[in-house]
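Novice: Heads up: the sequence lines are chains L and X, in that order.
Going by the numbering used here, the first sequence opens with residue 1, and the numbers climb by one from there.
Going by the numbering used here, the second sequence opens with residue 1, and the numbers climb by one from there.
Hints are computed from structural coordinates only; laboratory data are not their basis.
Some clues are possibly wrong.
Note that identical chains are pooled: a pair holds if it fits in a single copy or bridges any two copies.
What the hints assert, rightly or not - Here are the simulated lysine-lysine pairs, DSS-like style, with alpha carbons at most 30 Å apart:
id : residue 1 : residue 2
1  : K29       : K122
2  : K108      : K122
3  : K29       : K52
Protein chains: 2
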Amino acid sequence: MLGRLNHVAIAVPDLEAASAIYRDALGAKLSDPQALPEHGVTVVFIDTGNSKIELMEPLGEGSPIAAFLEKNPSGGMHHVCYEVEDIAAARDRLQATGARILGDGNPKTGAHGKPVLFLHPKDFLGTLVELEQV
Amino acid sequence: MLGRLNHVAIAVPDLEAASAIYRDALGAKLSDPQALPEHGVTVVFIDTGNSKIELMEPLGEGSPIAAFLEKNPSGGMHHVCYEVEDIAAARDRLQATGARILGDGNPKTGAHGKPVLFLHPKDFLGTLVELEQV
């Protein structure tokens with residue numbers, strides 16, 4: 001079931017400064033910033049050819065990455081996103097193994113407009129895992 | 001200069017248990033465990049088609065991931081590795097921007113037998129970055 005590594009998301013306190021680091025020190029190719037108010041983040045994508053890095057800065061009140069940045073003020077790796085073909089089948093398999101799905105256990109529309117699930121980090125080696133149906 | 005996302009490394013306290021989670025709950029395709037005593041880790045690779053996840057368990061005394069696991073006992077995302085074509089040119093560019101390279105600043109032979117550099121997390125958004133010449 002596990003498909004491609006769609007992206008690695010890095011939470012950052014200052015998207016402009018973070019973009020400058022990736023552009024100037026690492027020579028990365030960056031997208032323009034994209035505000036996603038319904039997800040509480042502004043993002044910049046880094047195209048690595050085979051996959052993507054998503055730099056995320058909090059947007060508005062109650063951003064879902066605000067608490068993470070309080071604990072990690074310089075930023076840090078926030079989650080990894082894997083592609084799956086069938087998110088409902090993925091959910092059923094996960095629930096059968098006892099793995100916890102965040103929220104009410106049903107797919108939501110993710111930041112890319114596709115159905116996603118987030119899995120509990122305690123069940124996945126301290127790593128927040130997003131599954132996205134592609 | 002920034003090339004492909006070569007892998008994401010996840011430090012884990014128990015490689016067998018971690019492998020079972022990725023295999024059973026996520027349906028991932030796993031390599032056999034590979035002991036790398038000169039790097040102080042035993043690793044299992046997960047092939048995502050476009051990239052790799054590297055599960056790493058400490059091996060022997062003084063493993064470089066022992067301190068990380070003390071702070072993150074359930075495991076966690078340890079580093080991301082990007083490919084570069086010319087590691088010496090990458091080092092020069094990084095040093096010109098003031099970014100800190102771990103160790104003596106010169107490429108070492110990494111876990112895959114290729115020249116690598118590790119960059120200071122404080123200069124890269126709280127993220128340990130490995131560059132690997134491919």
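Novice: Give a verdict on every hint.
Specialist: Taking the hints in turn, this is what the structure says about them:
In this homomeric assembly, K29 and K122 come within 30 Å of each other (Cα to Cα) only across copies, at 21 Å, whereas the closest approach inside a single copy is 33 Å. In this assembly of identical chains, K108 and K122 lie within 30 Å of each other by CA distance solely inside one copy; the values are 21 Å within and 34 Å between copies. In the homo-oligomer, the alpha carbons of K29 and K52 lie at most 30 Å apart both inside one protomer (10 Å) and across protomers (21 Å), since each shortest distance falls under that limit.
Hint check: no violations occur; every hint is consistent with the structure.
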